[in-house]
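Sequence order for the protein chains is A and B. Going by my numbering, 123 is the number at position 123 of the first sequence; the sequence numbering is gapless. Going by my numbering, 517 is the number at position 232 of the second sequence; the sequence numbering is gapless.
Keep in mind that the hints were calculated from the coordinates and are not lab data. Everything numeric in this text was worked out from a predicted model, so none of it was measured. Worth double-checking, as some hints may not be accurate.
Quick list of the computed label-pair ranges, beta carbon to beta carbon [said to hold, decoys possible]:
no., chain 1, residue 1, chain 2, residue 2, range
1, A, I117, B, G488, 47 to 57 Å
2, A, A26, B, P416, 31 to 41 Å
3, B, G488, A, N169, 32 to 42 Å
4, A, F140, B, R329, 55 to 65 Å
5, B, F323, A, M120, 27 to 37 Å
6, A, K36, B, F323, 54 to 64 Å
7, A, K24, B, A470, 36 to 46 Å
8, A, L173, B, R415, 23 to 33 Å
9, B, R329, A, N169, 26 to 36 Å
10, B, S486, A, L173, 25 to 35 Å
11, A, A26, B, F323, 22 to 32 Å
12, A, L175, B, T373, 53 to 63 Å
13, B, P416, A, L260, 24 to 34 Å
Virtual Cβ for every residue (Gly too), placed ideally from N, Cα, C.
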Amino acid sequence: MAVTADLEVIVPPTAAPADSRAKKLARRTWDATWPKLLAIAIVILAWQIVVWSHWKRETLIPSPFTVLDHLWQDRGDMTVSAWITLGRGIQGFLVAVIIGGVLGLAVARIPVLRAAIGSMITGLQTMPSVAWVPLAIILFRQGAGTVLFVVVLGAAPSIANGIINGIDNVPPLLLRAGRVLGARGISALRHVVIPAALPSVVGGLKQGWSFAWRSLLAAELIANLPGKIGIGQRLNFAATAIDYIGVFESMIVILIIGILVDSLLFGTADRAIRRRYGLIDAAAT
Amino acid sequence: MKPFSDQAVRAASSPVPPTGLEAQARPVVSIGNVTKSFGSGNQRVVALDGVTLDVNRGEFVCLLGASGCGKSTLLNLVAGLDQPTTGTVDVHAQHTGLMFQDPALFPWLTVRGNVELALKLGGVPRSERRPRALELLEMVHLGDFAKARPHELSGGMRQRTALARALAQNADVLLMDEPFGALDAMTRDRLHDELEELWSSTGKTIIFVTHNVREAIRLGDCVVLLASRPGRVAAVYDVTIPRPRRIDSPEVATMAATITDQLREVVGRGSDR
Chain A
1 MAVTADLEVI
11 VPPTAAPADS
21 RAKKLARRTW
31 DATWPKLLAI
41 AIVILAWQIV
51 VWSHWKRETL
61 IPSPFTVLDH
71 LWQDRGDMTV
81 SAWITLGRGI
91 QGFLVAVIIG
101 GVLGLAVARI
111 PVLRAAIGSM
121 ITGLQTMPSV
131 AWVPLAIILF
141 RQGAGTVLFV
151 VVLGAAPSIA
161 NGIINGIDNV
171 PPLLLRAGRV
181 LGARGISALR
191 HVVIPAALPS
201 VVGGLKQGWS
211 FAWRSLLAAE
221 LIANLPGKIG
231 IGQRLNFAAT
241 AIDYIGVFES
251 MIVILIIGIL
261 VDSLLFGTAD
271 RAIRRRYGLI
281 DAAAT
Chain B
286 MKPFSDQAVR
296 AASSPVPPTG
306 LEAQARPVVS
316 IGNVTKSFGS
326 GNQRVVALDG
336 VTLDVNRGEF
346 VCLLGASGCG
356 KSTLLNLVAG
366 LDQPTTGTVD
376 VHAQHTGLMF
386 QDPALFPWLT
396 VRGNVELALK
406 LGGVPRSERR
416 PRALELLEMV
426 HLGDFAKARP
436 HELSGGMRQR
446 TALARALAQN
456 ADVLLMDEPF
466 GALDAMTRDR
476 LHDELEELWS
486 STGKTIIFVT
496 HNVREAIRLG
506 DCVVLLASRP
516 GRVAAVYDVT
526 IPRPRRIDSP
536 EVATMAATIT
546 DQLREVVGRG
556 SDR
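Starting from the given sequences, assemble the full structure and let the hints guide the process.
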């Protein structure tokens, strides 16, 4: 940097020594983790207090420690079921990404399509995913198609909407800057529109996944799917068999998977992109 | 710009008399009786009305005018981003580079990435992009910030990056639309020095739009005063103050006073209409 630096220097991107960086990471991880651990402890405590209060019989609301103990013993079956459900979810989500992606791009770029179905996509989002299940059962009986149908209908609108909003909100100035540099047509799409739309697209994917997950569990609970037993079916069986501990076990697994995927996978991607794009104040986080 | 000392509006038909070297004398940008209007019927707004202007190779021309004089419209026409309603715009250059008041950097790319993208879109082979980008960043004194992202930079540094990106287009003609308008005075002064240095070392033609009279005199070989609503050339001043100039020098101040008077007059006339 020449003499020009003195007046408008900001903190330059310095390379911190390795050990202090590791320490910083540990520190940051701990800072992010302890509030969550505390929250879990409070929830378990509250749950235990309800049990102690004898509001319901212990057989109806088992103590958290009983449930955790059973969960540990059943960890093999639970893991298998969790993977089956997760597999169905991922499969459906990928199909939804393709369908939602094509739909979103088409609606964003073709005015006639936008006029025709633009608002319908948002309308679809308001439809509770459970409401699709009976139709899916009629159409696909109790097969894999039912799950796929419900998951795709749950997730695709959010994904499409993320893309449409992302493309709509590309700053015109950046498009103009791109055009000045020679980015037109496909090249503008690749170098300007898609990267500019990325934060919104990831937001759409994140929301799409949470809709997919809800739809999937609704389908597993209601539809009497043959073959492999997912976590939703396990919950259904436990309720039918009046196995209260089993109900709690399944619910905890469903919740944990939901939180992990949402915060670890999509949350991390979302934050990384926002930080990179300068959409969040780095000093405030 | 040919020195026309006393004329206010250059006639559309007036040919540029060839002097000495034919090729040198041919204007690099030739704007002939250009009219540009937007909308139609009652909504019709005439942004430019009969503007004629020639810019010679290697010249630093400042377009000066109040808001609504069609400065940006004129630059868009020269950049080829828009077409004139009537009249002709001839640009005898391979490329034109354009810089805005907003740096308009791509936030997902690093400083170097922004410059490299311009090189890539300009057809520079992959292997040459990085060294060329770093070279350009050195030119604008941002060598140490190649890996920073736009949001990590100050306003002046962002505008320097935008300048490096515009230079990466390897344009013979650089169009600048109030590029320093949003910067503080001290940063602006320094960027004036740097721009002047770049201009004299690269020999580029620069068309620089500003509403700051002193800035126009500080930088330009000549100052074209544009009248507002509709935009038209009101006067052309040749700046003979020797370089390097200082924006706070008495010569600049004296000339600024003259031009400001004239500017007030054309602005007043414009608002009467």
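N169 (chain A) and R329 (chain B) - C-beta distance against the hinted 26 to 36 Å = 31 Å, holds
Between L175 (chain A) and T373 (chain B), does the beta-carbon spacing fit 53 to 63 Å?
-> 27 Å, violated
Range hint 25 to 35 Å (beta carbons of S486 (chain B) and L173 (chain A)) holds or violated | 29 Å, holds
Is the distance from the Cβ of A26 (chain A) to the Cβ of P416 (chain B) consistent with 31 to 41 Å?
-> Between A26 (chain A) and P416 (chain B), where Cβ atoms are some 39 Å apart, the hint holds.
With 55 to 65 Å as the target window, see if F140 (chain A) and R329 (chain B) comply at their CB atoms.
-> 60 Å, holds
Indicate whether the distance between the beta carbons of P416 (chain B) and L260 (chain A) respects the range 24 to 34 Å.
-> 45 Å, violated
F323 (chain B) and A26 (chain A) - C-beta distance against the hinted 22 to 32 Å = 60 Å, violated
How does the Cβ-Cβ distance of K36 (chain A) and F323 (chain B) compare with 54 to 64 Å: does it lie in that range?
-> Given range 54 to 64 Å: holds, Cβ gap about 56 Å.
Per the hint of 47 to 57 Å, is the separation of the Cβ atoms of I117 (chain A) and G488 (chain B) within bounds?
-> For I117 (chain A) and G488 (chain B) the Cβ distance comes to about 55 Å; the hint holds.
Is it true that F323 (chain B) and M120 (chain A) lie within 27 to 37 Å of each other by Cβ?
-> 35 Å, holds
Cβ distance range 23 to 33 Å for L173 (chain A) and R415 (chain B), holds or violated = 26 Å, holds
Starting from the hint 32 to 42 Å, judge whether the C-beta atoms of G488 (chain B) and N169 (chain A) obey it.
-> At roughly 41 Å between Cβ atoms, N169 (chain A) and G488 (chain B) fall inside 32 to 42 Å, so the hint holds.
Checked against the numbered hints above, the structure violates hints 11, 12, 13; every other hint is satisfied.
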